[in-house]
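Participant: Chain by chain, the residues:
Protein chains: 2
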Amino acid sequence: MAEFSWKIKNKLKLSRARTGIISTPHGNIETPAFIFCATKAALKSFSTLDAKKNNTQIILSNTYHLMLQPGSNLISKHGGLHKFIGWDGPMLTDSGGFQIFSLGHGSVADEIKGRKINSNNKKSLLTLSEDGAIFKSYIDGKNHLLTPEKSIKVQRDLGADLIVVFDECTPFNVDKDYTFHSMLRSHRWANRSINAFNSKIEYEPKKGSAGFQEIYGIIQGGIYKDLREESIDFNQSKLDTFGIAIGGSLGSNKEQMKEIVKFTASKLNNNHPIHLLGIGDPIDIWEFVEYGIDTFDCVSPTRLARHGAALVKGKKSKINLKNLEFKESLRPIDENCDCYTCKNFTLSYLHHLFAAKEVLGLQLLTNHNIFFMNELMSTIRNSIQNNNFEKTRNEWLDR
Amino acid sequence: MAEFSWKIKNKLKLSRARTGIISTPHGNIETPAFIFCATKAALKSFSTLDAKKNNTQIILSNTYHLMLQPGSNLISKHGGLHKFIGWDGPMLTDSGGFQIFSLGHGSVADEIKGRKINSNNKKSLLTLSEDGAIFKSYIDGKNHLLTPEKSIKVQRDLGADLIVVFDECTPFNVDKDYTFHSMLRSHRWANRSINAFNSKIEYEPKKGSAGFQEIYGIIQGGIYKDLREESIDFNQSKLDTFGIAIGGSLGSNKEQMKEIVKFTASKLNNNHPIHLLGIGDPIDIWEFVEYGIDTFDCVSPTRLARHGAALVKGKKSKINLKNLEFKESLRPIDENCDCYTCKNFTLSYLHHLFAAKEVLGLQLLTNHNIFFMNELMSTIRNSIQNNNFEKTRNEWLDR
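Sequence order for the protein chains is G and U.
The opening residue of the first sequence carries number 39 in the numbering used here; numbering runs sequentially from there.
The opening residue of the second sequence carries number 39 in the numbering used here; numbering runs sequentially from there.
The hints are simulated quantities; they were obtained by calculation from the structure and are not laboratory data.
Worth double-checking, as some hints may not be accurate.
With a cut-off of at most 30 Å between alpha-carbon atoms, the simulated BS3-like pairs for lysine-lysine come out as follows [said to hold, decoys possible]:
| # | chain 1 | residue 1 | chain 2 | residue 2 |
| --- | --- | --- | --- | --- |
| 1 | G | Lys395 | U | Lys305 |
| 2 | G | Lys121 | U | Lys180 |
| 3 | G | Lys91 | U | Lys180 |
| 4 | G | Lys115 | U | Lys292 |
| 5 | G | Lys115 | U | Lys395 |
| 6 | G | Lys90 | U | Lys47 |
| 7 | G | Lys395 | U | Lys180 |
| 8 | U | Lys356 | G | Lys356 |
| 9 | G | Lys90 | U | Lys276 |
| 10 | U | Lys360 | U | Lys47 |
| 11 | U | Lys351 | G | Lys115 |
| 12 | G | Lys91 | U | Lys174 |
| 13 | G | Lys395 | U | Lys356 |
| 14 | U | Lys174 | G | Lys90 |
| 15 | U | Lys351 | G | Lys365 |
| 16 | U | Lys429 | G | Lys90 |
| 17 | U | Lys395 | G | Lys161 |
| 18 | U | Lys191 | G | Lys365 |
| 19 | U | Lys47 | U | Lys365 |
| 20 | G | Lys381 | U | Lys47 |
| 21 | U | Lys305 | G | Lys354 |
| 22 | U | Lys115 | G | Lys365 |
| 23 | G | Lys356 | U | Lys174 |
| 24 | U | Lys47 | G | Lys395 |
| 25 | U | Lys381 | G | Lys90 |
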């Protein structure tokens, strides 16, 4: 099997938009690419076989959820996540940090929206120290300690191709001083993560090929540009991981988020594929690709489907099939879409499935949304390759 | 497209077990066959594409549910149910009678188990007269009149290949006198159904080929053999429909059910495919095939999947994947099963999906159960053809 590599193929002159290839032992990822969330080792209401048929390149699972249930040891006994979930393509796991801290600070992580959290459970983060984080399991209330070493151990057991250093994900409302000290600790945790990752004694490569796994660093610094610069320097000069993710708080509104991402991406060299955590809005993706982002992940395509929303081209970007205006429509979601759902079913049928509370409705809509996201990324890649990115984006938005 | 026909291929000497072919404009059904329930125009959590891949020959939808939502007129505008649900194979609709009466008598129809019915709604059957039945919609509480003519009109709109006369489905606890008079009324309703079906003025054949639809009569008579004989005579001599279904009460326990079905089937000539309503237990199917039943339908394969139960060969016939004994099992449901689920996933993974409340769990289990039922029917057909029915059944049960 192939080793890991990162190669830039095409670059635009007027922006930082680029196409590239991330090679992994489980195949290549053509970038810009979207990573679909199989949070608990399952895409929501969608098989990995259907994900592949709909041109999915890479999926991710969550360390936090899987260490609690069914446990990484059991997954390791299967030969890793790939075998466990029947997916032979590239895969990423996160470090668990995001969920612990987004829960721990009393807010509800996107991933578990829809779950009612009573006030007793809100503070699932019990202790945060130099060593790591002690948190309460949302399943059985037991206490767990997650450290950089433990996160890497779990991610080794899970055996995804791409893994991530353990970090603290700060909320947007903390001050600069907290952000600064948190960043420094996350840098120390990153060093410990890399040491654990490089330790061949306990975690001998085994599950895949030569290489087995590669790791991403995470840029911290919140909304403070000087801190971002310090973290960029640390990640590029000291850690020099295979990939780099932009993490931490991106501010409290979209404009601030764009400014921080743009600033951060502009300071990065070309040696690493760049991942932006948690972004899935198509219109945002067009913009962030322009800033130089290579990969995105978000639960939104499958979550929107569960709520009856279909992704569509153009500025409105989605339509809700539960809306009565679709009750008698004999047209598909998009007449030009080649997905199984659009080729075979009317809006009226999909509306009926949601009205009748048939699970098939969200399956067919998930099918469309996953196909749609992969088509979007393919359109973006082609437009970079053909040097007509702006024109293509404007046409796409004006649909 | 082909016209309708019914042909017996092989017959056993020691029992009434037989193989045959029901030809329809949408293809052939090799019998004995299992008909899967797409009650509200959707197989539960399963696409028609996947149903086809898993060797499904024929599916059915329910007139009662579809006339209330989304309405048969809307489905007709799509060109019929086949187009609406993306299924190009043979299809059957029932008459609506079963649901109206199973609800109307205060019990809850199998099809809507899981739905909480409060006591106000229990009596959805408001009036039963010579004309038909007035019932209250479970969706919006509005009153609806269903007559033989209306049932045929709705089934014409839906456009399934095989349709069924409108009847009263009596509960098992009514006396012989009620059963007798109900049977006579159902016979009169059957005549009115056939008259409506044969009326070419309002319902010109259009949706499929020459023929377009064929119709099944229903044998009434409850648990009373003399009434069964009278209904058999009526159905075979007077109505002479394309197919015949065994309906009405089959008693209050399995032994009585078997006796009534055996008695009824034994009196039938070979001119019609024989359908047994609502039976899906594999062990029962082996037995009823021996009595001469050609087709079965039941919600059980998909319902069992929703509750975590996988169909397996042998006398126990199912296992529940939620059971803790499967938490760490690295084996599939059945190592000899060729379905996508068994070829790719362990019991441990399936157990995890149910524990994590992932919809994918019931999808993968539905996949197995549908494949399993089609394999069962194929095994039965082959054993009749190869004249080793008993031997095959015993091997199957001893697994």
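Participant: Against this structure, judge whether each hint is valid.
Facilitator: Taking the hints in turn, this is what the structure says about them:
1. Between the alpha carbons of Lys395 of chain G and Lys305 of chain U the distance comes to roughly 43 Å, so the proposed pair goes past 30 Å and is violated.
2. The suggested pairing of Lys121 of chain G with Lys180 of chain U is violated, with an alpha-carbon distance near 52 Å, which exceeds 30 Å.
3. Pair hint Lys91 of chain G plus Lys180 of chain U does not hold up; C-alpha atoms about 44 Å apart against a cutoff of 30 Å.
4. Between Lys115 of chain G and Lys292 of chain U the CA atoms are separated by roughly 44 Å; this puts the pair beyond 30 Å, and the hint is violated.
5. Only pairs whose Cα atoms come within 30 Å are accepted, and Lys115 of chain G paired with Lys395 of chain U is accepted, the gap being roughly 22 Å.
6. This hinted pair does not check out: Lys90 of chain G and Lys47 of chain U have alpha carbons roughly 42 Å apart, beyond 30 Å.
7. Among the hinted pairs, Lys395 of chain G with Lys180 of chain U is consistent with the structure: their alpha-carbon atoms are about 20 Å apart, no more than 30 Å.
8. The hinted pair formed by Lys356 of chain U and Lys356 of chain G fails the criterion: a straight-line CA distance of about 42 Å is larger than 30 Å.
9. This hinted pair does not check out: Lys90 of chain G and Lys276 of chain U have alpha carbons roughly 56 Å apart, beyond 30 Å.
10. Annotation: proposed proximity of Lys360 of chain U to Lys47 of chain U is violated, straight-line Cα distance about 42 Å (limit 30 Å).
11. At most 30 Å may separate the alpha-carbon atoms for a hinted pair to count; Lys351 of chain U and Lys115 of chain G meet this at roughly 28 Å.
12. Using a Cα cut-off of 30 Å, the hinted pair Lys91 of chain G and Lys174 of chain U is violated, with the two alpha carbons roughly 44 Å apart.
13. Taking the CA atoms of Lys395 of chain G and Lys356 of chain U, the gap is near 27 Å; set against the 30 Å cutoff, the hint holds.
14. Among the hinted pairs, Lys174 of chain U with Lys90 of chain G is inconsistent with the structure: their alpha-carbon atoms are about 46 Å apart, more than 30 Å.
15. Among the hinted pairs, Lys351 of chain U with Lys365 of chain G is inconsistent with the structure: their alpha-carbon atoms are about 43 Å apart, more than 30 Å.
16. Distance restraint check for Lys429 of chain U and Lys90 of chain G: the Cα-Cα separation of roughly 42 Å exceeds the 30 Å cut-off, and the hinted pair is therefore not satisfied.
17. Note on Lys395 of chain U and Lys161 of chain G: the hinted pairing holds, with a Cα-Cα distance of about 23 Å set against a maximum of 30 Å.
18. Under the criterion of a C-alpha separation no larger than 30 Å, the hint pairing Lys191 of chain U with Lys365 of chain G is consistent with the structure, at around 22 Å.
19. This hinted pair does not check out: Lys47 of chain U and Lys365 of chain U have alpha carbons roughly 46 Å apart, beyond 30 Å.
20. As the CA atoms of Lys381 of chain G and Lys47 of chain U are separated by approximately 38 Å, the hinted pair breaks the 30 Å bound.
21. Simply put, Lys305 of chain U and Lys354 of chain G have alpha-carbon atoms about 65 Å apart, too far for the 30 Å limit, and the pair is violated.
22. Proposed proximity of Lys115 of chain U and Lys365 of chain G is supported: the alpha carbons are some 12 Å apart, at most 30 Å.
23. Proposed proximity of Lys356 of chain G and Lys174 of chain U is contradicted: the alpha carbons are some 37 Å apart, above 30 Å.
24. Distance restraint check for Lys47 of chain U and Lys395 of chain G: the Cα-Cα separation of roughly 42 Å exceeds the 30 Å cut-off, and the hinted pair is therefore not satisfied.
25. With a C-alpha separation of about 17 Å, the suggested pairing of Lys381 of chain U with Lys90 of chain G holds against the 30 Å cut-off.
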